[in-house]
Structures are given as structure tokens and as C-alpha cells.
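If you're matching them up, the sequences are chains A and B in order.
Heads up: the first sequence begins at 1 in the UniProt record's numbering, then just goes up one per residue.
Heads up: the second sequence begins at 1 in the UniProt record's numbering, then just goes up one per residue.
Heads up, some of the hints might be wrong.
Note that identical chains are pooled: a pair holds if it fits in a single copy or bridges any two copies.
With a Cα cut of at most 25 Å, we get these calculated DMTMM-like pairs of lysine to aspartate or glutamate [claimed, not checked]: (1) 461 - 582; (2) 457 - 624; (3) 456 - 344; (4) 397 - 194; (5) 397 - 366; (6) 133 - 483; (7) 43 - 629; (8) 632 - 105; (9) 632 - 543; (10) 453 - 492; (11) 456 - 615; (12) 612 - 492; (13) 632 - 79; (14) 632 - 109; (15) 461 - 41; (16) 622 - 481; (17) 456 - 22; (18) 42 - 556; (19) 612 - 624; (20) 136 - 346; (21) 632 - 108.
Don't read these hints as lab results, they were simulated from the structure.
On a predicted model such as this, the values are computed, not experimentally measured, just so you know.
There are 2 protein chains.
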Amino acid sequence: MAESWSFLDTFESNFRPLVVVELAKGTKKETIEWFTKRIVDKKANGGAQLLVKPLVTEKGEENIYLVGASHLRLLLGAETVGLVKECNDNSMRTFTYSSRKTFRDFADDNHNFLTMAECQYIIKHELENLRAKDEKMIPGYPQAKLYPGKSIVRRLLTSGILVQIFPLHDREELKKLRHSWYGRVKVGYQPLDEIRCYFGETIALYFGFLEYFTFALVPMAVIGIPYYVFAWEDYDKYVMFATFNLLWSTVILEVWKRICAIVTYRWGTLLMKRQFEEPRPGFHGVLGINPVTGREEPVYSSIKRQIRIYLVSLPFVCLCLYFSLYVMMIYFDLEQWALDYHEENESNFSSLMLFVPSIIYAVVIEIMNRIYRYAAEFLTSWGKKVVYSSSLNTNNKYFYLQFNFLNCFASLFYIAFVLFDMKLLRQSLATLLITSQILNQFAESLLPYWLQKRHKKRMKKRMSSLKTDTDLTLVEQINLEKEMGTYFGTFDDYLELFLQFGYVSLFSCVYPLAAVFAVLNNITEIYSDALKMCRVYKRPFAEPTANIGVWQLAFETMSVISVVTNCILIGMSPQVNALFPDSKMDLILTVALVEHLLLAIKFIMAFVIPDKPRDIQIKLAKLEFESLEALKQQVRSTAQSIKQRENSTDLLVHIEL
Amino acid sequence: MAESWSFLDTFESNFRPLVVVELAKGTKKETIEWFTKRIVDKKANGGAQLLVKPLVTEKGEENIYLVGASHLRLLLGAETVGLVKECNDNSMRTFTYSSRKTFRDFADDNHNFLTMAECQYIIKHELENLRAKDEKMIPGYPQAKLYPGKSIVRRLLTSGILVQIFPLHDREELKKLRHSWYGRVKVGYQPLDEIRCYFGETIALYFGFLEYFTFALVPMAVIGIPYYVFAWEDYDKYVMFATFNLLWSTVILEVWKRICAIVTYRWGTLLMKRQFEEPRPGFHGVLGINPVTGREEPVYSSIKRQIRIYLVSLPFVCLCLYFSLYVMMIYFDLEQWALDYHEENESNFSSLMLFVPSIIYAVVIEIMNRIYRYAAEFLTSWGKKVVYSSSLNTNNKYFYLQFNFLNCFASLFYIAFVLFDMKLLRQSLATLLITSQILNQFAESLLPYWLQKRHKKRMKKRMSSLKTDTDLTLVEQINLEKEMGTYFGTFDDYLELFLQFGYVSLFSCVYPLAAVFAVLNNITEIYSDALKMCRVYKRPFAEPTANIGVWQLAFETMSVISVVTNCILIGMSPQVNALFPDSKMDLILTVALVEHLLLAIKFIMAFVIPDKPRDIQIKLAKLEFESLEALKQQVRSTAQSIKQRENSTDLLVHIEL
């Protein structure tokens, strides 16, 4: 390994810009010099051994830098981040530079062996792992303190010197991707592998899940339609629908795990051991020894953080919840008022008016969610100058998730289980679902798209007034992209799906049509999200992932809760009540029995369906076996080499004699 | 590896007998010759390379053989079975012969590096993996067919030529173990590490669990006693006790996983990858390629087996269940009769008579369980001549478990939730629990112990009539041990604990004293089980294991069911009913709400408490990291050695020039 690094030359004629680093305007010269020197410096000197080129804009300003790397450097970086690639013998293996020849499609002159997204991920990783050595501060900025092991990029960001780091779009590739993704109207799967190559695994997996989830909802939607068309309101049909729904939701969540394993195995991320990666960039704290890898990296006391979270975040969340419940009560007042109005003067207008409170409430919920989000972000970044990447940390994300859940469903729970008003529930559910879907699509994709288009036009006008060449040069491209919004990860997109899943499953026996609306929304969602990724936001850095993480658990929890709610709803329906005219007790006992049975079936199903298909299981076991064998072999050969050394000294003695 | 085997010499002066092989009397000479030749033959010729010595008894019969192995052979075998041992640097590593010097306590002349149990496990493994090459049948027995890859020992067993294989007791060690285990009356922990060295991990883990479980029951027992002493029958106290019980049972099961991980890490079995072992001996079927290890080993179609199980076992189980319910009904008739009798002529005798039906029923249940067990064994071994080791396969074990569960608890469920007779429930529960505990202790340990003692006395008498020397020679020891009963694994012992856990937790709010009886029983159980292991049964082969397997799940399931039963019981109690005088509905809804809350808390607790302590997690992650690094290194060095070979040929060319 040590020798390989020495092959590297910091100079390479065909410099390909991959990542853009934007510094604040008027950054001091010495700081820039120090920072760029650290980026290009040799690994041995604590640098990142990357390539840097300043971008000279028309005004002669020099605050934007392009970062690239030689082909060899990227390959060595791929080994550092632990990329997993397919070998010539069809197995998936961790890439190492010395075994590069065994990998499929590898050739010394094939610069497409690593996708552009992977190259950018590597560069981001290397930049974030540029760590302070003995500097006490950032040169030129005495207030920006450094200590050994502190990530330089993080400190530059938090002290406002570094404005942003983002990967460049590849205009050719993007055009191709756009065309095959949403360019033509077609029925078929999304080009997940192409999305993965361009945007990385996390985003590709989101689109994969969105697609899978939409397909999985189709049976529910198909069964739900006749309920609306024929106005079926019989008890037995509702029970059948709800039962199907509950078992179906278990099956689809279990099957998703299997599909996810298949897809991420092919992408190599299932085998990627991210916990063994080189020092994680997000870490603060002083250097220590990682107990697993034995590497020197920043360690962080998590208890301090935990306490801070509970002292700051919990009261805040409680306050927000109180406010949210207060708004709900106002909504019920409004609802009552609309009902009274409708009863007093019955007309078409007044029956339309019945929907107005729900619509207003849906809008208010969306606004509250966003306000909460910004407030949480503010609290998290409190004391830091700049918000970097997804600023919500994991714990705040949980709070945010719970807040959203309660905000969206509190009123529905209240209507269903306190007011017992099934008609209002259905109306409120439908209005909330449809309004929130429309608002989301508008606020997340169409509005930013329109803003972006306007901005682009204005930019173009300004550009063309300076130059005659209308072709978008690199300078123009960067100037356009750096003004684009930042995509803060898939959290919000999953959250939207999660809430939708709640609308569909929690009250499915009251409003079977919810699945239909969900399917319709998701089909457009695929297109609007694709548009958002390709046109509205800056290209995000790729992020390898092997599953949808905490969302799997969140969806499963929702499906357990929905068993309870649906059983109660069915138990409350007048038709079921009519079956037990004499004794309410028998009714409740029957409902409880059915609920327990359904829960038991759910857990047994989740237990019985294996999380990974058999062939993937075998492949994983094979890798584990091979690594353990290799470890044995290593220990063995260490022992032998000691013996050989002894023998060879014997030999030397003989020769000397 | 190849060279190491050649070091081996089949002759060694200090032969130490480890395992006894008993052939049927009158086995043909050619068969014996062929079999012993295969045992001593070199590995390269498909033998086991072990040592064999015939045991010449006083009558000159030659049907018992002692199997041993040289020290070197055992070390190589330890590598084959993948034993994990502690290194000098305190880490646990898979033992390999070439790295032997790095292991703690290893010395070429230290024959105690491997425990006797490990040596016997290795020999068993090697014997069972003696596989047919091109033999079509066992020489001398044309009806005993062989095919390439068939385990010779298995075929010899199923065709009745081989009577049994068992490991020898070490009389010195056993005496020491007995002394420190149950020899003196003392309060303290069992010598688990010594038990593990003598009997292996599976049995040591059972005793560890038994001890842990007993300690864990103590708080329940302590809280339960005042209920009996002060005759507390208040609703609130019962609710408190039941709630404590439910949460406590979750905690103890989660904590056990952690303790289990700590203990088995120290023993090395947590790291042992048993799924990667050389061909598993229990496998039938022809040779194929294992997809994980790439080794040639017998493969087996599991679908055929599944179908057989469901076609044969299911109807049988249903029949047994029907019969068991029928017996239950007779019990209720008896119970009614006893009650009538007591009411007619009230006397001390008649009130004692009230307990008689329960006692009879408890005895009948035990008998039925045993009959079912033998019937299941008969069905499993149907068509095979000899029952070998634990003859219940995994699926039959599940059926047996369920049958036992229903057999024991059906009547209690019936009394509780159909008859609603809390007094009868308490009485029945107490009688069943105590009777079954007494019966079990008697049938499992004391009776066999007494039989064994009688047999030993008779043997000694016969021996002493032949010789004057009263010291137990090897011949006598073997003659004694071969007549001892076979210990069929820990299944029955765990089952007993499982049923006890059911008695304690399912109806804990009705009969808080159950925990007291359980604790008392378990204390004697430890002693009687220890006696059973040391005195009554043949020494069992050690079996490495990392956890208590399916029993963890079984206990957890029981604790979930007990939440439901306890909530219903509390809901049915007259005190709770008195709290809701107006509406039964409110009562049921409250109970259902509380039950759901408890279940939710249980699941969250199980989710939040990590299964392994942090330091064990780190150690496991470290091992995984190191193996993956070794795999990378291996691939790298393979690539380099190719390069070196190219270079060295260059060098040769230079020299030739």
C-alpha cells in the first residue's frame, strides 16, 4: 500500500472536475493557500493528495475551486472507503488496488470502472477526513480553533469560511438519465441501476421503495374501488377488506426486505461494512483509538449529547404538541360551525363549506410541520454558523417523525375514538389525504422547479448580455448549480410515504378509497421527485446504503397499530353492533379475540418469511466463511514466515561458513 | 496442512482411551477388520487416523474397542472442528495447528491444552465423518448398503452392527467435579467452567440457565410469600404483583441473552461458526458441493422430509390432542364428583379428597407426555433399527413441545376462561405444579439413581467373585458405563423449566405462591440433575453451543401469552368488577387498554435492551473486521505473488544470460 501511494503524481494533464468547493467571498489569501495545500499534499504529510483548480469567473473573483483526482488516486480511495464491486467470477468483493485486475470491467485505461457518483463520494470522504495535525487554528482566522484530529472541512464550514461543497452534474449523463427515467411517457420500471450510478444507492433505494410500494398498493386500490362504486357498506365486506389489508401490509413489508437484499447485493452495498470505514466525518471530539479497527480516530462521548437532547428537545417537543392539539380544537370548533351553517341554510354552497375546515386544517398541519422542522433545525444548529448537509440529527429526526405522526393523525384518532363520528372521519380523512398530497407535490417539486426555471432564465439573460456564446460553459454551469437548493436527504420523502401509509392502513376499513388516491399520488410522485432530483436541486453526494434503515421499523410499527385501529373501527360499526344486539360485552370480547389472532398471525408471518432470499443468504455465509478462512490462513502464514526467517538466517550462516 | 498430517504416526506408546465403541456380539471378523482399519487409516486414504485398541474382557469376547488419538492428531482435529481458544493476547481465536504457539497455555508437552471433553468431541466428529468411498456395502453385511459419502458409523448403527459409541468418564476428574458441584452443602454458584470442561458447553449452559432462572425467580417468590401469609386478596396488590411479574419476566429473558453472550464468549463457542463445520454427521443423502464452503459433503432435500413430517406427524399429533382433551373431560367429571362428595359428607377426609382428582390428573398428564414421547420416537425411527442420540428431530421436538404445553395447560385454561372458577384454578394449579415437580424429580433422577446403584452393586458382586482385586479396573469401568442409561440431551430438562415458567407466569396473579415452589424445586433440581449427569447416565459427548437456541423464543412467547392471560384474570376478579359497577364495557375496555400498554412496553423493552454487552459487541465486530481485512490481504498477496513469480522468472533469465 505504501508504495502505491508514491506512484501518485499531483499533476495530471487531463483534469476532470468532480466536486466544487465554494469559499466565502473575501476569504484571506493565506487561508486559501493553506487549505489548497492541504488538499493537494501527499497522504504521508496528512494531505488528501487530490487535485485542485481555481475557477476564474468573469469578475476575476477567485472563491470557487474545482476538486478532482487522478485515476489512480480514485482507485486507492475506493479501497479506503471499502467499495464492493463485482469480480470476474461473479462474486462481490471489497475492492483493493492490488487485486484490481480480478474485477469485472477493470482496465487501466477504463476510467468508467468507478461511476462518477462513486468518484465524488470518494472525494467527499477524503475531504471530510482532512484532519488538523498540530494547527491550533485556521490560518488567518484565530477564532476558528483546531485541535489534532478535528476535521478541517467541518471547522471551515462551521466558521463560515467554506460556503458549500457539492458534486458537479454530468450534463451528458443527466440528459440520458432524464430521458430513460421520465423523458418519455411509458409504462414500466424505473431505471434503478442508472439512478444508482448517477445519484448513489440511498436515492436509488428510495425510488425503488417508492415504486415497490406503489405496486404493492395496487391490489388494495383495486379491491377498494368497488366499495366506492357500488357503495358497499356491508359489515362482512368491510371486514374482509380490512383483514386483507392487514395481512397484505405485513407481507409487502417482509417481501420488501428480501427485494432490498437482492438489489443491494447487486450494488455491493449489502456487503459494505460501513461501521469499519475510516473515521466517520460527522464525528466531533478528540482523537482516540477505535476499539474495533484499532485505528486512531475521533471519539465522542454520547452521554453528553443525550443529556443535551433531553434537556433542550423534550420541552420544545411538548410545547409543539400542545400547540398542535390547540389548533386541533380550533379545527373542531370550525367543523361544528360549518355543520351548523349547513343545517341552517341548506344549499350547494353550504355543503361545499363542510369541506372547508378540513382543507384549512390540512394546510395548517403542513405549515406547522414545516415550522417545527425549521425550529428543530435552528435548535440543532444553535451556536453553529452554517447548516451543513442534513442538519437534523438522528434523535431530532425521531422527534420530528413522532410530531408529524401526531400532528397528522391526532384529529383522526379523536374523531374516530372520542367523537365516534364515522361520517366525519371519512370526510376528514379524504380531505386531509388529498389536500396534503396536493400541497406536498406543489411545495416539494413544482414550486422549486418553477423558481429554478425563472432563476435559470435570468442567469442566462445576464450571461448572454456578457458573451455571445449561448452554450453553457463550465463556469456558467457551476454558477447555475451553486445557486440551486440543497437536497437534504431522503428523510422528507420517506416521511411523506410513511404518513400516506398511515392514511391508507390506519382507517382502511372506513375509507377503502385511500389506497386509490395513494396509488395515483405515487405515480405522479415518482415523476415529480425525479424532476426534483434532476432539475431543481444541486446534485447530492452519493451515500452507500444497504436498506431503508429506520423506516422499515417505522412502517412495521404503523402496520401493527393499524391492526388495533381497524379492529376497533369494525367493532364500532353499526352493522357489527347489530350482530350482537343483546350484549355489548360479547361484541368487545369477539373484537379483542380477532385482534389478538390477527396480531399473532402478523408476528408469525414476519417470523416465518426469511429476511433474505436463500441465495443471498448463501452468498453472505460464503463471504463470512472465506474471510474467517483467510484470517486462519493469515495467522498460519505469520507463524510460517517466522519459521522461514529462522531457516533463512541458518542458511546465511551456512553461506558465511 | 498436508505436511502436518505426515508427521502423524499411528503408533504411540502412551495410549489414552477416550471413546468406547461397542459392536454387536458376534460381529463378523472381516467387518471388524475393515472398520478398525478405516479408523486407523491415514487421512489421505480416507481414514480417521485415530488409535484403536480392543478391550479383552474376562470371557475373551472382543466386541468392545477403545478409541484414542495421538496428541498431534487431536490438535489437528481441533483445527478441523474449528475450536476457539484464548490467545496469549487475551483475544479469542479459531485454533489452527500452525499458530498453536500463540495460544494461552499451549506447550508441546502440555496434554491438557485440550480438555478431555474436547478430545472426545473431536474423536466423535472424526468417527462420524468416516465416509464410504467406493464400498457398495459393509463387508460381511450385504444388506447394509453404502454409497459414496455415506457416514459409515451411521450405517453401522442403523444396521445394528454398532451398538453404541460413548465417551469414557475420567474417574479422577469426575470425583473432583462432584465434590465442587454438589459434594458439600454450600451456598454459592455452580462451578460452570468445570462443568463445561467435563460435560461440554450445552450441558454447562443448561445448568447456567437453571441457576440464573432460579435466582431470577427469587424476587417473584419473595413478593409472592406475603400474599399467602397475610392472605392479601385485594385487587390493587394483585395487579401490582402481576405487573411486576410481566415486566420482570421480560427483563430476565433479555438479561439472560447478555449473560449467555458473556459466558459463551469466554468459552469460545460464541465465535465458533458451526454452520461452516466439516460435513455435519447427521446428514443423510449423497455427496454434493456445499454452496458456502465449497467442500464436498452430503446434501439433503428438505422438501421430501417436510412432506413426510406433515403427512405422518400431523394426524398423529391431532389424535394425541383429542385423546388429551378427552382425559381432561374425565378429570372435570372426577372433580365434580369429589365436590359433590365433599358437600354431602363434610369431613377432613372429604376435603382431602378434593385434591385427589388433580393429583391423579397430574400423574396422568406426566404419563401421557411420556407415552407421546415414545410414540413420537417410534415414528421418527420407524424403519430404522437403532435409535441414535436424541432421536427426536427438530420438527418432532416442536410438536412435542406444543403437545406438552397443551397437555399441561389446557385444563387450567378451561377452568380459568370457560368455568371462571378462580378457587378451582388456584387449587388445580397448585396440585399440578407440585405433583409434576415431585414426579419429575423422582422419575428423572432418583429412580434411575437407585436402579443404577443396585446394578452397580450386583456388578461388583459378580466381579469380586471372579477376581480378588476390588479396585475398579478399566474393564470393570467400561462394563459398568456401557450399561448406564443414555442422556438424550437437554431437551427434557429445558422443557421442564419451560412448563414451570408457564405455571409461574401464566396465572401468577391468581397463585403468587407458584414462584416459591418453583424456586424450591429448582434448588433441588440443580442437585438432582447434577447427580443424574455424574452418576446415573453415561457420560454424554460434549456439544459446543452459543445459546439456548429455540428455548429463548419459547420462553419469550410464554411471557407474551402470560400478559394476555393475566390481564384477563385480573379483569375477571370480583374486586376489579366492583370498581366498574355500572358498565361491564368500561371494564373490558380498560383491561384491553392496559394489556396493550403492557405488550407495547414489553416489546419496547426487548427492543431497547441490547442482546450483547457492549464489550462483547466490540470484540465480535473486531473479529469481523480482522477477517475482512485478512481476506483483502489474501487477495492482495495472491496478486503480488503472481507478480513476484513473473519477476523471479525474469531474474532466472538474467542469471542464465
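- request: Identify every previously stated hint that the structure contradicts and give their numbers, smallest first.
  value: 1, 2, 3, 4, 6, 11, 12, 15, 16, 18, 20
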